[in-house]
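Student: From these two lone chains plus the hints, build me the complex, please.
Residue numbers (the numbering used here), protein chains in the order written: chain A, 1 to 535; chain B, 536 to 742.
Calculated from the structure, these hints are not laboratory results. One thing to keep in mind: the hints can contain errors.
Stated by the list, open to error - Below, a list of computed lysine-lysine pairs in the DSS-like style, where the Cα atoms sit at most 27 Å apart: (1) K571/B to K43/A; (2) K589/B to K43/A; (3) K120/A to K399/A.
As the list claims (entries may be wrong) - Partner residues are not named here, just some residues of chain B that face chain A (Cβ under 10 Å, in silico): (4) A559; (5) A575; (6) R586; (7) I667; (8) L668; (9) A671; (10) V674; (11) I735.
Stated by the list, open to error - Quick look at which bits of chain A chain B covers, simulated, 3 or more residues with Cβ under 8 Å: (12) 35-41; (13) 468-476.
The beta carbon of each residue, even a glycine, is placed where N, CA and C say it ideally should be.
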Amino acid sequence: MSSSDRSIEDLAAAIADGTPIQWSGDAENISARQRSVLTLLEKVSRVHSEPIIETQSASIHRWGSLLIEEEIGSGASSIVYRAFDPMLERHVALKLTRDDAPDTAIDRWLQEARRMALVKHANVITIYGAEKIDGRGGIWSELLLGSSLLESVNEDGPLSAREAATIGIDVCHALRALHAAGLIHGDVKPANIFRETGGRIVLLDLGSSLDRTATHATSGSPALLAPEALIPDRPTTAFDIYALGASLYFLVSGEYPIDALSALAAKRVHENSGILPLAERRPDLPADFVEYIDRAIDTDPANRFNSTSELERALHRFLTGKRVISRRAASILAIVAACLIGIIGVGLWTASSSPENMDPLLATTQLESVNASGTTRILANGSSVSVGEKLRLRVRTEKDTRLYVINTDQNGAAFLLFPIPGMDLVNPLRGHKDYVLPGPRDGIALDWLVTSRGTQERMVIIASGAPLPALEQELLNWVTAGSENTASIAIPLRGIGGLAAGSSTSSTNTALDALLSDLYSLPDVEIRSFILNND
Amino acid sequence: MRRENKTSTGAGADESKSPAAHTAELLLECRSGSLKARDALVRRFLPKMQRWAKGRLPQYARDVAATEDLVQNTFIRALDHVENFDAQREGAFLAYLRQIFINQLRDEVRRHVRRPAAEPLTTEPTDDHRSILEAAIGVEALEAYDQALQTLPATDQQAIVMRLEFGYQYTEIAADLGLTSANAARMRITRAIGQLAKLIDHEQLRP
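This is chain B alone, in the form it adopts within the complex (with noise of 0.2 Å):
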């Protein structure tokens, strides 16, 4: 089987136009109403997303067919308002991916807990209702994270989102920020984790 595929996104043929700078352009022609650079910022974006959405998804929800229906809705949410997004950065716009996608699962998650009707509204997830992420830090833990990195400037959440969430390396972050290297993202995100740190209520830390 042949699985090579010659179409290029077209964009990155210049030497001098980084990953940064491709995630940019496109941005602004989908804003322009182009469909072809929505094809491919969701070629671009549905990867990482849906590798990242996993640790997220709830155990019940965590089969492949699942994941791609909430990634794929998180596109065409974040798509069909694109018009409002003003930054071209690629840590903006997966931040926007990323708050999309949470909004969305936390009605997922409730709606799923209201279904059986005969119960009780609970407010403490089963198991069933646990992601991997809530399993390995606790509920209450991943809300204060959440909170606290709310709470950062933007452009020091979504570094820390790039490098922490979605394993970025230091080079594309830096470009991304438009930082002069690899080092001082390094130094930027360092700083920022010890500002998150300070930031994070710690009496919603399970022992």
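Isolated chain A (complex conformation) (with noise of 0.2 Å):
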């Protein structure tokens, strides 16, 4: 294949994953019919995945500096708009009280935006501003392309057990940034749970959302309030793993655990029926699931999971188990790092928590790469790298962490990429200090290099706040990067079917699903793993 071929294939690869071009390095070599014939396929796919502007005139009207386009939901007292923010030149999601709102709604709706603001993470809309303007508030924020699961559940059928405890996995991840905040989400539901095109799950609608401090009254969805919610009391978070259970439960099932429309109807269920256990609706599910799904929505909150945290450990469980990782589970790991693709590639990582106080995150994580001509760029989920390129990993840090990096292939061989003996940095890595891994040797920065081409990799990234002496242990087999080539600047990352830097035992994929599945279950333990294809 000519270097000319090879760019075009970089080049049609970035127009496949949506990433933008970059016209330098390797793709100066390709002519100028090509690179414009590539320039209007990058067009093609850009005007059909970004929302569509249309002309000012297409507007229906303003409200305040925004111009509403069209409408796309409502509820009881709102009504949600797709509007353009003409100076900042972006679409938005607006959402303004219905004309007939009292003032005492509108001030809940700037309180609902004050809250939503304390809240910044991957897996909760982003607000941009909120503002009363002639009678009727407002909050205007991140516009999202793609379905609700409650569309999607009823345009295509309920989903696989699997698919169900990826999503509640990103729902963990958003109620522990929520309650962090103090709050409880109070409304968590299908129509609130938004899978953006590219698989973001993104929680919506904290209109509901309470305040722990505070006594609340019943709102909220009936089917998914549980039971304890009904009454009158302080809110815990016990009610959100109630109503993620109960959203759970019907992403997998097309029904919700009980069927009520009003708080008295759902008091009534509870008293008398109860829930219909999952496993009567789907007696084909994992039992497994099917456990933790019964758990979270137990009438007793004191049986429920102490924590999202908890849950969210429950479902890797589910997904990962303790078995040989065969053809099929290795996709479901793939789509699942698709999944966190978000998160890793805007540099965010989600903190774990102990069950009941919400520590602060431990790290937060960047890899780039920088190729030949010293272009970098920030790596995500299905990236590609090539021979050549160097990769580093910035990371700060909020509490001393012991972080480690380990590489695996799909021929089931694993690596491990930091920490490396005779390195200047070593774990622990200190709080409140911004690392770049894998860090310098005798003073000299370095950087991981991509040394021979392969098929897929993965990339495991563990954080721990506390040792993880099984894990060390183990480690201390495993082949590390660049125990030879002591000269160079670039600490060689071996490739599939190339390089492997030192002779010692190898380790396996099989090996490290072990141990991930042993370290989920431990509190105060990050896991993030994501996907780049080196062919």
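Tutor: Here it is in structure tokens:
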């Protein structure tokens, strides 16, 4: 394959991935004709993936500085519009109170905006602003493309247990961020869980969110309300755990645990017939998944998961299991990783926390590559890397953290990329500091280097707030990158079929998955993985 | 207002059934005359088609009603002749709908252009007749793209349309094409895009 063909293939991959084409480096080998054709294809993709930008004349009317374009949803007290912000030249979702909304309702809106603004998380909708204009309250936020899980299930039928569990984990992340801010969502339901095109899961509508310190009135959707939420009292995180469990129940069955259109009806159902067990609706579901959902929606809050972290770990256990990874299971792991792209891609890393207390983030990470011409790009799940590229991981620690970076390939080999013996940087990394991994050796900053081509590689990053002696012991037997080539400024990252640094015992994906399975159940441990294509 | 609609299509209740298998089943049932399957197909594909269609509609026809009319006519034509449609895959059905829509749109634009009887028929669309896609890449470039796409093998066409135009995920495309992994779908699409780039008539691209 010529360098020109290789460049076209790389650029075609960027178009397929929806990432901007970088007209530098190898791309300089291609002709003007090829460049114009590829630019055309990139534009075709971009026009279809962006919100349709219509002319100003298409606007219905203005609200403040925003141009309202079309209604995209409505509720009892509000209407949601797609709008255009001409100052920032971007589309937004604008939620307006209805014309007849009393001032008290509008005040609640502004409180909602303030609560929302407290939470910044990849799985929680981002609020841009809130205002009261001409007697109407409004909140504007990022405009999401995709569909709610209510729409997905209604259109396409119930999901598999694995897909539901993957989504459940992301919602656990979102709820943890809310709970850490002292809030209870109060209305977790499939209509409020949105799957963006590309797979990002976003929790919407904090309009029913409750202050944990205040007594609440009954609100939220009756069919998903925890029995204790029907009685005014101080709200707890158990409300949201129940509602998430009920939402997952819906995702796999198309039905809610109870059928109730009012709080009073819900109360009666709980007092009389109770919840229809999930196993009766879907006897084909895996028993461990059903057990976790049943526990999440137990009528007694004391029997539910103690926290979203505990529920998340259960869902992880269900997804990974302690079994040899089959081809099918391996592809499922890749799907899990794909769902994490938004988190890794924007450099965020959500925290795992102790069951009751919401710990701060352990670390924020961002994987970068630098090509031969010195161009840096941020790598996300599914990104391509090629021979000669250098990789580095930027880390911002929020507390003392032990960090491990592992690279595995489809042939089953696993290699330890950090920590590496002989390097200046060792665990634990100190809190509230910025690091670039793998770090320097004898004061000279080093990177990982892609030394050969392969197919697909998984990068796994493990962070822990506490020592992990079992992991440390296991890693002693693993191959580390760059144990030779000490004069190089780059540490070789072997590609599949290429150079394996060192000759000690090779590790396997199976061993890694067994290790990860154990780690998922530990508190104060965060694990993220994503796929890099090295074709 | 309670927006939940508890009606499910029924299909998909089997743990192993994917959306792709669901579409295949609906198409088979539809060919057997099932009105329920016909409704389910429309529910499944209507939102995708409506969103996609907005990029293809001329400015004058870009309001909600016009979009819905054209897309609904597309479904009526497609489902009235569904017995002529052999494939059971989602991508193939989507490409089938897409082509019907494009043909219908061309007829519609021709009619609109001819409407002012006193004016000569123009071959160069005015701004009012240009779609968002045409405005972004040029009328002739879009024509060149559509023509080149037609010359690719059918599955490559469908994979490109699913990914670039409808925003399907690799996992969904892999399931629809019977590929083993998302990465295999990505590689297939990458190669198809490379092939398409070679087939596009460069002369039709505006500078």
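Student: Of the numbered hints stated earlier in the document, which are not met by this structure?
Tutor: Structure breaks hints 1, 4, 10 and 13.
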